[in-house]
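Undergrad: Each chain, letter by letter, is given below.
Number of protein chains: 2
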Amino acid sequence: MINQLKELLSEEQVSINETILEQHSQDESYHDVAKPDVVVFPKTTEEVSRILQYANTHKIPVVPFGRGSSLEGHIIPYDNGITIDFSLMDKIIAIQPEDLLVVVQPGVTRTQLNQALKQHGLFFSVDPGADATLGGMVATNASGTTAVRYGVMRDQVRDLEVVLADGTVIHTGSLAAKSASGYHLNGLFTGSEGTLGCFTELTLRVYGIPEFETAARATFNTVEEAVEAVTSVLQVGIPIARVELVDEESIRQVNAHNETSFAEKPTLFLEFHGNEAGLAQDVAFTTELMQDAGCTEIIFETDTAARNQLWTARHNLAYSYIHSHKGKKMMVTDVCVPISELAHAIHHAREQLTKYQLAGGLLGHVGDGNFHALVMVDMKNTDEVARANALNEAIVEYALSKNGTCTGEHGVGVGKQKYQRKEHGAAYDVMASIKQTLDPNNIMNPGKIIKVDPV
Amino acid sequence: MINQLKELLSEEQVSINETILEQHSQDESYHDVAKPDVVVFPKTTEEVSRILQYANTHKIPVVPFGRGSSLEGHIIPYDNGITIDFSLMDKIIAIQPEDLLVVVQPGVTRTQLNQALKQHGLFFSVDPGADATLGGMVATNASGTTAVRYGVMRDQVRDLEVVLADGTVIHTGSLAAKSASGYHLNGLFTGSEGTLGCFTELTLRVYGIPEFETAARATFNTVEEAVEAVTSVLQVGIPIARVELVDEESIRQVNAHNETSFAEKPTLFLEFHGNEAGLAQDVAFTTELMQDAGCTEIIFETDTAARNQLWTARHNLAYSYIHSHKGKKMMVTDVCVPISELAHAIHHAREQLTKYQLAGGLLGHVGDGNFHALVMVDMKNTDEVARANALNEAIVEYALSKNGTCTGEHGVGVGKQKYQRKEHGAAYDVMASIKQTLDPNNIMNPGKIIKVDPV
Numbered sequence: 001m002i003n004q005l006k007e008l009l010s011e012e013q014v015s016i017n018e019t020i021l022e023q024h025s026q027d028e029s030y031h032d033v034a035k036p037d038v039v040v041f042p043k044t045t046e047e048v049s050r051i052l053q054y055a056n057t058h059k060i061p062v063v064p065f066g067r068g069s070s071l072e073g074h075i076i077p078y079d080n081g082i083t084i085d086f087s088l089m090d091k092i093i094a095i096q097p098e099d100l101l102v103v104v105q106p107g108v109t110r111t112q113l114n115q116a117l118k119q120h121g122l123f124f125s126v127d128p129g130a131d132a133t134l135g136g137m138v139a140t141n142a143s144g145t146t147a148v149r150y151g152v153m154r155d156q157v158r159d160l161e162v163v164l165a166d167g168t169v170i171h172t173g174s175l176a177a178k179s180a181s182g183y184h185l186n187g188l189f190t191g192s193e194g195t196l197g198c199f200t201e202l203t204l205r206v207y208g209i210p211e212f213e214t215a216a217r218a219t220f221n222t223v224e225e226a227v228e229a230v231t232s233v234l235q236v237g238i239p240i241a242r243v244e245l246v247d248e249e250s251i252r253q254v255n256a257h258n259e260t261s262f263a264e265k266p267t268l269f270l271e272f273h274g275n276e277a278g279l280a281q282d283v284a285f286t287t288e289l290m291q292d293a294g295c296t297e298i299i300f301e302t303d304t305a306a307r308n309q310l311w312t313a314r315h316n317l318a319y320s321y322i323h324s325h326k327g328k329k330m331m332v333t334d335v336c337v338p339i340s341e342l343a344h345a346i347h348h349a350r351e352q353l354t355k356y357q358l359a360g361g362l363l364g365h366v367g368d369g370n371f372h373a374l375v376m377v378d379m380k381n382t383d384e385v386a387r388a389n390a391l392n393e394a395i396v397e398y399a400l401s402k403n404g405t406c407t408g409e410h411g412v413g414v415g416k417q418k419y420q421r422k423e424h425g426a427a428y429d430v431m432a433s434i435k436q437t438l439d440p441n442n443i444m445n446p447g448k449i450i451k452v453d454p455v
Numbered sequence: 001m002i003n004q005l006k007e008l009l010s011e012e013q014v015s016i017n018e019t020i021l022e023q024h025s026q027d028e029s030y031h032d033v034a035k036p037d038v039v040v041f042p043k044t045t046e047e048v049s050r051i052l053q054y055a056n057t058h059k060i061p062v063v064p065f066g067r068g069s070s071l072e073g074h075i076i077p078y079d080n081g082i083t084i085d086f087s088l089m090d091k092i093i094a095i096q097p098e099d100l101l102v103v104v105q106p107g108v109t110r111t112q113l114n115q116a117l118k119q120h121g122l123f124f125s126v127d128p129g130a131d132a133t134l135g136g137m138v139a140t141n142a143s144g145t146t147a148v149r150y151g152v153m154r155d156q157v158r159d160l161e162v163v164l165a166d167g168t169v170i171h172t173g174s175l176a177a178k179s180a181s182g183y184h185l186n187g188l189f190t191g192s193e194g195t196l197g198c199f200t201e202l203t204l205r206v207y208g209i210p211e212f213e214t215a216a217r218a219t220f221n222t223v224e225e226a227v228e229a230v231t232s233v234l235q236v237g238i239p240i241a242r243v244e245l246v247d248e249e250s251i252r253q254v255n256a257h258n259e260t261s262f263a264e265k266p267t268l269f270l271e272f273h274g275n276e277a278g279l280a281q282d283v284a285f286t287t288e289l290m291q292d293a294g295c296t297e298i299i300f301e302t303d304t305a306a307r308n309q310l311w312t313a314r315h316n317l318a319y320s321y322i323h324s325h326k327g328k329k330m331m332v333t334d335v336c337v338p339i340s341e342l343a344h345a346i347h348h349a350r351e352q353l354t355k356y357q358l359a360g361g362l363l364g365h366v367g368d369g370n371f372h373a374l375v376m377v378d379m380k381n382t383d384e385v386a387r388a389n390a391l392n393e394a395i396v397e398y399a400l401s402k403n404g405t406c407t408g409e410h411g412v413g414v415g416k417q418k419y420q421r422k423e424h425g426a427a428y429d430v431m432a433s434i435k436q437t438l439d440p441n442n443i444m445n446p447g448k449i450i451k452v453d454p455v
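Which chain is which? The protein sequence lines are A and B, in order. Under my numbering, residues 1 to 455 are what the first sequence spells out, in order. Under my numbering, residues 1 to 455 are what the second sequence spells out, in order.
Here chain A stands alone, though its shape is the one from the complex (with noise of 0.2 Å):
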């Protein structure tokens, strides 16, 4: 296998040596990792093609990496195979700031191509907590704190070239910024995690930079006072940016490992973007609302070195976590309500967390009603980690139970696959035959979303 894929790429596209196949065999997760048999770096459409149709000749596991930031196993090749990393493919092919539209390849950065369009007036919206690559962001639709006014990376998406499992090179869309044509391949292959194909070439829009923003940060005794300040402003149609829920303990971990001496009660982050009078008005409104609903104090930040010390601070909140509990890895929960039932379902994980006796934090994008406790496991711990796996059960469950989802933006990975069934229903098996009908073989990304029996 090494020697055929050495002659349809070259010597140094391929690779097995020890530590590049380890990095390779986990993400940022808690999961079990493995190893790829190899790893494969191409450089064109044309290589990834030839790749795929000679895995899917021999029946040979394929899965696509970006950067290996991803939370649920997504990028762990338990059947072993042939990892194929896009690092190489790291180029911005084009900005065009008329159809504010950007064509990357799909090893580019978020940050990557935010430093790129910052001369052209834009910027891109979507901002997990990693730096991923834009080609992971789309396989996972992830998003971030921005979703509630950009939505998440499947509304970004206008074309995608993907190479099919036979090596089949298509494109899902086109540069019409609206389309009633044919089914609408962008969003199913959006969040496909790597099972129906590779991305070479994303399409993505892109937005202006706004005239004016302001963050604020709004404290609250409670959780639930702080969930209700939210519905009212969404309600009231305020376009706000961003609106994150910090709960005690987090705020805790923010003050320990950053500049920062935030009052240690349940909190709203919330950030602005438009013109000046607009968010004059749009602000003013807002604290009216947050008063209303038991805010104690709420402080805006129109600087942009405090606003960015604010949104750094929740930025690397998940990151703090894991650097003070050397040794742990982080569980990281993620499910996502309609708002109308955010309130209880926070109070209940809050509960979970003290059943099982695990110290966490919790947060979220609740202008979303997704929400994520954050655990730190000790893996050698098996009975801490058979109690963070009940948590986790447990407030999928309540999810699910009303009428939510057990994953808003972390996406299904090996994680999350056991809850498919029950979350989809009947839907389930309609997945499953796309799936099926678009990779017979089972070559892609086996395992994730989709279980496929072994023929």
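Everything labelled a hint here was simulated from the structure, so no lab data went into it.
Here are the computed lysine to aspartate or glutamate pairs in the EDC-like style, where the Cα-Cα straight-line distance is at most 20 Å:
1) A:Lys402 - B:Glu201
2) B:Lys422 - A:Asp159
3) B:Lys402 - A:Glu201
4) B:Lys402 - A:Glu98
5) A:Lys402 - B:Asp159
6) A:Lys422 - B:Asp159
7) A:Lys402 - B:Glu98
8) B:Lys402 - A:Asp159
Only a predicted model underlies this, so the values are computations on that prediction, with no experimental measurement involved.
Given chain A, put chain B in place with the hints provided.
TA: Only chain B this time, still in chain A's reference frame:
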């Protein structure tokens, strides 16, 4: 068949009345008509499931029918069979203001929904010309004047209850505002035009009625200048709610059929939603950008009556063309191109109207790059029909050559079927394989979107 259907439903829910068959033989397009063998009027999901099980067993074609306002022959049953009319499934099941969601049956129309939402301070954003049913609007991925701000129909779909070809009932989504779980079936079924299943319940996103609205009418000497103005407004990120281009010819039509005396020049109809202070700043900036692009006059209408007159005139444009050309049928082209290509594309369309000696208006949702040439055709004049078809073809070919789409919002139906392979290339085979997998007997609206070779 009639007797068996009467047993599955009830006597009065099955009709072979000639007038009823006739009503279900045509939409609002110029396409050839064809009658179903029978029209059924189910009242429940279970009845729809029974009908499809029966039809699938006996391989009888099935066409779902909302109001017949489609524009590409979507609901014309060219293979006869059973038409399922959803007019008895017209209940608004739930309005959930806190979640900004509604649950409706497919036969509810958009004005019916907006009427009910008003008292909650909410509105449903998508506004095609016709007062279509929401089921039909999901089926065609309809949009209209507000897509530039609020998105198209697909962006509003949170969950669909769908009866598949074999009678299985699935849910394509959940109530969560975002999800990274499973494949994106919401997106796949939205825009599937009845070729993959029948919708029996829709969960849709709604919005808070904006605090403040302003409308404007901006006049230009050329279409190019008008498009340039729109491009600038979008690029600086002004969140315009509507921006419609109406050309000279169409303004003449507007003035002839409304109590208006608008300057007969290329005109933009604009609308802004937001808070009062923010809008004032948006309006001032927009005025500046419009004037920079060559706008000769811009008039703002803040009072509701004047604003309504403006938008009523725009919305009734297609119908006023129809009423003033008795005996003719309307052919509307519907391409969408990248914004950077829009001015050229509209210019090209005007040239084609001249070349083919056809009178027609050009109008469009220019914020999305979507525009229509509206031509009244005497279907008995074979030469005129041929010229109109040639015009449509030339406009589509031009859009495809610019990486646009053959249909921005009207859908494929039969009218755009022939362009599907050209537009989607190898992705068309992926679409066909999905159709084949989910509807192996090809009973669901056969001949629309995907052409399946007879077995």
